[in-house]
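Throw the hints in and build the complete structure from the sequences for me.
Top line first, the protein sequences correspond to chains A and U.
Numbering-wise, the numbering used here puts 39 at position 39 of the first sequence, and it's gapless, one number per residue.
Numbering-wise, the numbering used here puts 243 at position 243 of the second sequence, and it's gapless, one number per residue.
Hints were generated in silico from the structure; no laboratory data involved.
Keep in mind that a hint or two might mislead.
Dumping the calculated DSBU-like pairs for lysine-lysine here, alpha-carbon to alpha-carbon at most 35 Å [as the list claims (entries may be wrong)]: (1) A:K43 with U:K262; (2) A:K3 with U:K159; (3) A:K43 with U:K139; (4) U:K162 with U:K190; (5) U:K139 with A:K70; (6) U:K76 with U:K162; (7) U:K295 with A:K70; (8) A:K70 with A:K4; (9) A:K75 with U:K264; (10) A:K4 with U:K159; (11) U:K177 with A:K94; (12) A:K72 with U:K262; (13) A:K94 with U:K139; (14) U:K292 with A:K70; (15) A:K4 with U:K295; (16) U:K213 with U:K190; (17) U:K347 with U:K292; (18) A:K110 with U:K273; (19) U:K292 with U:K183; (20) U:K25 with U:K76; (21) U:K273 with U:K224; (22) U:K139 with U:K159; (23) U:K203 with U:K264; (24) A:K110 with U:K162; (25) U:K264 with U:K162; (26) U:K264 with A:K72; (27) A:K94 with U:K213.
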Amino acid sequence: MPKKILVVDDDPSVVKYLTAFLEDSGYETITASNGEEAFEILKSERADLVTLDLQMPNETGTRFYRNVTKDKNLKDIPIIVISGLAGRHLAVTKPVAVFDKPVDRNALLKVVRETIG
Amino acid sequence: MSTLRNEDFKRLLDSIPCYITLQDKDLKILWSNEFHRRDFGEPEGYTCRDFYNIDSSKCEICPVHNTFLDGNIHSKEMTLITKKGKRINVIIYSSPLRDENGIIEGVLETAVNISPVKEIQKQLIMLGQTVAGMAHSIKNIMMGLDGGIYIVNRGLEDKNQKEVREGWEIVLLNFEKISQIVKDILYCSKEREPNFAVVSPNKIVSDIYHLFKDTAARYAIEFKLELDETIESAVLDPDGLTNVLSNLVSNAMDACKMDIMKDKHLIELRTKKGVDGATVFEVADNGVGIDKELKDQVFEEFFSSKGDKGTGLGLMVVQKIMREHGGRVTFRSRPRQGTTFVATFPKREMPQPAE
Chain A
1 MPKKILVVDD DPSVVKYLTA FLEDSGYETI TASNGEEAFE ILKSERADLV TLDLQMPNET
61 GTRFYRNVTK DKNLKDIPII VISGLAGRHL AVTKPVAVFD KPVDRNALLK VVRETIG
Chain U
1 MSTLRNEDFK RLLDSIPCYI TLQDKDLKIL WSNEFHRRDF GEPEGYTCRD FYNIDSSKCE
61 ICPVHNTFLD GNIHSKEMTL ITKKGKRINV IIYSSPLRDE NGIIEGVLET AVNISPVKEI
121 QKQLIMLGQT VAGMAHSIKN IMMGLDGGIY IVNRGLEDKN QKEVREGWEI VLLNFEKISQ
181 IVKDILYCSK EREPNFAVVS PNKIVSDIYH LFKDTAARYA IEFKLELDET IESAVLDPDG
241 LTNVLSNLVS NAMDACKMDI MKDKHLIELR TKKGVDGATV FEVADNGVGI DKELKDQVFE
301 EFFSSKGDKG TGLGLMVVQK IMREHGGRVT FRSRPRQGTT FVATFPKREM PQPAE
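Shown next as structure tokens:
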């Protein structure tokens, strides 16, 4: 069964890009356009990894990050931060990796493969 | 000290446009020049600290004191308050005044008003922040372009026309975003005279409506047009109006996209007749609204509440264009309910061509 990745970004172009690329690389994807939506999805659907844009309006990305890392059922889901503002993410625990936009997709794939196979 | 009693030297010192005082070891002011007395009053008998009413923490590093110690010139930036209560930024230089045996008998403190420089410095800092903000927006757009190109290439490989088209649309959308940023920068960076012409406001508003209709649909935002058909013409700069409206509409769309509380979103674009023949344009949305704390900052230069997706240029451009037209832009907003921006263009006659 393919591993499932949740892509969270409020820019539809980015969502389309990442899902197309990750699907081409053999993963299943689900998407959310903000942190609240992403958190709701994770309550009902299992994801093996999350790619997260932290700079979404209303800080929903940061809140999502905090909620997930505090939730005992979700805190072990690896999160990869993909953001236009790299290095500004001093949240509770460390993300698996942080990528600056525009993302180097091969480097991203390498981290994904190393993390969930 | 004899030189200071010389009338010529005294006049010379009085006419230097800097604040000059002579201080002794206890920082007592012995003498001040005319320029200093004009803005600060008579200082004789006071110590420097008492006279300027400076709290002692700011005097820890005292250039005058240091000059007494080592005989070198020292400098420091400070904020002083004049006798009229005006705050001025100064840079202070302290230099030793020696007697014929080389003993330091006093220290000359020369303060130069650098308030205008400070103002420019502040603007440069803001400019720097804007450029950084813009770089971040462009990085996001580049990611979008990367994505569009990836999808187009995938479509070409799979010979999938639908996918090529989809990818191409992403490319175009992000290309449009870059064009808007460039236009905004150009609008901000130079003074330009509006190109007044007799135009049909309803026609321009309809064009904007058609330009944004598809984008609104993509985000499931209902987009409505309400034209006052009795408005026939107005004298204004069509490019300016187009820029004002597209900035306001894309802001309205962002406000709807940012709102996760409501299921249905709506943007209304209206034309109305104002008082004294003015033409009024309204852009109303039921998006996130503007918080009380942010209301004062909305028109501030380079202010943005959109994280790295906003440059803070949009409303600045809108305001600049409205000013050029002698008009104004206002807004009413309720947090979580929505916002309405109102741009009012005063009635204007077409300037007569020169004979």
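Quick rundown of the hints versus the structure:
Our distance criterion of 35 Å between C-alpha atoms is met by K43 (chain A) and K262 (chain U), whose separation comes to about 21 Å. Between K3 (chain A) and K159 (chain U), the direct Cα distance comes to roughly 27 Å. Compliance with the 35 Å bound is thereby established for this hinted pair. For the given pair, K43 (chain A) sits about 32 Å from K139 (chain U) by alpha-carbon distance, which is consistent with the 35 Å threshold. Between K162 (chain U) and K190 (chain U) the alpha-carbon distance is near 43 Å, which puts this suggested pair outside the 35 Å criterion.
Note on K139 (chain U) and K70 (chain A): the hinted pairing holds, with a Cα-Cα distance of about 31 Å set against a maximum of 35 Å. Simply put, K76 (chain U) and K162 (chain U) have alpha-carbon atoms about 67 Å apart, too far for the 35 Å limit, and the pair is violated. Taking the CA atoms of K295 (chain U) and K70 (chain A), the gap is near 34 Å; set against the 35 Å cutoff, the hint holds. For the suggested pair K70 (chain A) and K4 (chain A), the alpha carbons sit about 21 Å apart, so the restraint of at most 35 Å is met.
Annotation: proposed proximity of K75 (chain A) to K264 (chain U) holds, straight-line Cα distance about 33 Å (limit 35 Å). With a C-alpha separation of about 27 Å, the suggested pairing of K4 (chain A) with K159 (chain U) holds against the 35 Å cut-off. Restraint check for K177 (chain U) and K94 (chain A): the C-alpha separation of about 33 Å stays at or below 35 Å, so the hint holds. For a cut-off of 35 Å, the pair hint linking K72 (chain A) to K262 (chain U) stands: about 30 Å separates their Cα positions.
At most 35 Å may separate the alpha-carbon atoms for a hinted pair to count; K94 (chain A) and K139 (chain U) meet this at roughly 23 Å. A hinted pair counts as satisfied when its Cα atoms are at most 35 Å apart, and K292 (chain U) with K70 (chain A) qualifies at roughly 31 Å. For the proposed pair K4 (chain A) and K295 (chain U), the alpha carbon gap of about 42 Å is over 35 Å, so the pair is violated. With a C-alpha separation of about 31 Å, the suggested pair K213 (chain U) and K190 (chain U) falls inside the 35 Å cut-off, and the hint holds.
A C-alpha spacing of about 33 Å is found between K347 (chain U) and K292 (chain U), which places the hinted pair at or below 35 Å, so the restraint holds. About 60 Å separates the Cα atoms of K110 (chain A) and K273 (chain U), which puts this hinted pair outside 35 Å; it is violated. Between K292 (chain U) and K183 (chain U) the CA atoms are separated by roughly 30 Å; this keeps the pair inside 35 Å, and the hint holds. Simply put, K25 (chain U) and K76 (chain U) have alpha-carbon atoms about 18 Å apart, close enough for the 35 Å limit, and the pair holds.
A hinted pair counts as satisfied when its Cα atoms are at most 35 Å apart, and K273 (chain U) with K224 (chain U) qualifies at roughly 18 Å. For the hint linking K139 (chain U) to K159 (chain U), the alpha-carbon distance of about 30 Å falls within 35 Å, and the restraint holds. At most 35 Å may separate the alpha-carbon atoms for a hinted pair to count; K203 (chain U) and K264 (chain U) meet this at roughly 28 Å. Pair hint K110 (chain A) plus K162 (chain U) holds up; C-alpha atoms about 30 Å apart against a cutoff of 35 Å.
At most 35 Å may separate the alpha-carbon atoms for a hinted pair to count; K264 (chain U) and K162 (chain U) meet this at roughly 29 Å. Between K264 (chain U) and K72 (chain A), the direct Cα distance comes to roughly 34 Å. Compliance with the 35 Å bound is thereby established for this hinted pair. Proximity of K94 (chain A) to K213 (chain U) is assessed by CA-CA distance (about 42 Å); at most 35 Å being required, the pair is judged violated.
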